[in-house]
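Generate coordinates for the entire structure from the input sequences, incorporating the hints supplied.
Residue numbering for the sequence shown follows our numbering, beginning at 6 and increasing consecutively.
Please keep in mind that the hints were generated in silico from the structure rather than gathered at the bench. Backbone N, C-alpha and C fix where the C-beta goes; we use that ideal spot for every residue, glycine too. Some hints could be false.
[Said to hold, decoys possible] Distance windows between CB atoms, simulated:
hint	residue 1	residue 2	range
1	Gln10	Leu270	35 to 45 Å
2	Gln157	Lys180	17 to 27 Å
3	His101	Asp129	15 to 25 Å
4	Lys180	Glu69	23 to 33 Å
5	Lys216	Asp11	26 to 36 Å
6	Lys185	Arg148	21 to 31 Å
7	Asn35	Gln157	42 to 52 Å
8	Ser177	Lys21	15 to 25 Å
9	Lys7	Lys170	25 to 35 Å
10	Ser238	Asp11	29 to 39 Å
11	Lys180	Glu22	16 to 26 Å
12	Asp258	Arg148	14 to 24 Å
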Amino acid sequence: MKDLQDILVQTISVAKEAGAFLREERKLFNGASVESKGLNDLVSYVDRESEKLIVARLREILPEADFITEEGSAGRDGKSYTWIIDPLDGTTNFIHGLPVYSVSIGLKYESDIVLGVVYEVNLDECFYAAKGLGAYCNGHRIRVSEAKTLGQSLVATGFPYSAFKQIDEYLSVLKKLMEKCHGLRRVGSAAVDLSYVACGRYEGFYEYDLKPYDVAAGIIIIQEAGGRCTDFSLGNNYLFGKEIVATNGHIHDEMAADIQKAWNLVP
6 MKDLQDILVQ TISVAKEAGA FLREERKLFN GASVESKGLN DLVSYVDRES
56 EKLIVARLRE ILPEADFITE EGSAGRDGKS YTWIIDPLDG TTNFIHGLPV
106 YSVSIGLKYE SDIVLGVVYE VNLDECFYAA KGLGAYCNGH RIRVSEAKTL
156 GQSLVATGFP YSAFKQIDEY LSVLKKLMEK CHGLRRVGSA AVDLSYVACG
206 RYEGFYEYDL KPYDVAAGII IIQEAGGRCT DFSLGNNYLF GKEIVATNGH
256 IHDEMAADIQ KAWNLVP
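Okay, structure coming up:
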């Protein structure tokens with residue numbers, strides 16, 4: 006494997022450059038440029054230009070790597086190294102002027118995520134991690150919360166915006182958690198949600214109908230911060246399986262049990 010420390014330093018620089026582009030473009034942004042890729046699935050030139058910038062810079066770092074990108078500007082998943090990129094996670098927030106959106110860059114080596122960077126633009130917070138090197142935010146080591154139960158926890162989620170087939174199951178989980186935890190939050194960027202679990206602001210996060218670029222970077226950041234990620238069935242299909250439970254580890258089984266009951270995953 007390549008020197009992850011060196012790659013991480015360079016990737017942080019790329020994420021911040023893309024973040025600076027997003028920050029400047031938001032000052033001039035015109036909603037008339039927004040396009041729809043599907044039901045409530047929005048995109049603009051900002052997403053596309055940010056992705057082009059990121060891809061070009063990352064090709065300089067690892068010329069041999071493939072890409073999985075949200076806007077499809079590059080590559081495929083086929084080589085040992087694959088970059089997994091969301092150039093603007095929280096597009097709907099960006100379009101409406103809500104200041105929670107991020108750049109998310111993950112690196113997969115064979116079947117494992119080995120590096121991740123999430124740059125939350127408006128707070129200028131850069132979360133990052135590489136396998137075996139720990140997790141950090143703006144140079145400071147981060148760890149998950151020590152809360153032991155859902156009753157001590159703040160939990161985050163993302164609302165479904167187009168895949169409504171399982172909306173009843175989702176709302177059932179929401180009700181169960183609402184009755185047990187300190188509160189529920191939805192900020193609109195899965196990458197930020199995962200980073201907030203990693204640094205202890207949330208104890209848990211769950212969502213379904215996710216894409217790999219929504220979660221790739223956040224997965225390794227949580228793992229290196231001492232947390233746990235699974236799919237709803239407590240398996241390992243959380244990168245490509247379109248569902249994730251991510252916690253501080255202590256509340257994982259308790260939280261997953263409520264999800265499994267609602268999703269009819271247990272007898």
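A quick look at each hint next to the structure:
Gln10 and Leu270 have their C-beta atoms about 39 Å apart, which keeps the hinted 35 to 45 Å range intact. The hinted window of 17 to 27 Å between Gln157 and Lys180 holds, with their beta carbons roughly 19 Å apart. Evaluation of the 15 to 25 Å hint for His101 and Asp129 yields a pass: the beta carbon distance comes to about 21 Å. Checked against the hint of 23 to 33 Å, the pair Lys180 and Glu69 fails, with Cβ atoms roughly 48 Å apart.
A beta carbon spacing of about 28 Å between Lys216 and Asp11 agrees with the range 26 to 36 Å that was offered as a hint. One distance hint, 21 to 31 Å for the beta-carbon pair Lys185 and Arg148, holds here, with the actual separation near 23 Å. Separated by about 45 Å at the C-beta atoms, Asn35 and Gln157 satisfy the suggested range of 42 to 52 Å. At roughly 40 Å, the beta-carbon separation of Ser177 and Lys21 lies outside the given 15 to 25 Å, and the hint is violated.
Between Lys7 and Lys170, the C-beta spacing of about 41 Å breaks the proposed range 25 to 35 Å. For Ser238 and Asp11, the hinted distance range of 29 to 39 Å is satisfied, since their beta carbons lie about 37 Å from each other. Judged by the Cβ atoms, the range 16 to 26 Å given for Lys180 and Glu22 is violated: they are separated by roughly 43 Å. At about 20 Å, the CB distance of Asp258 to Arg148 agrees with the hint of 14 to 24 Å.
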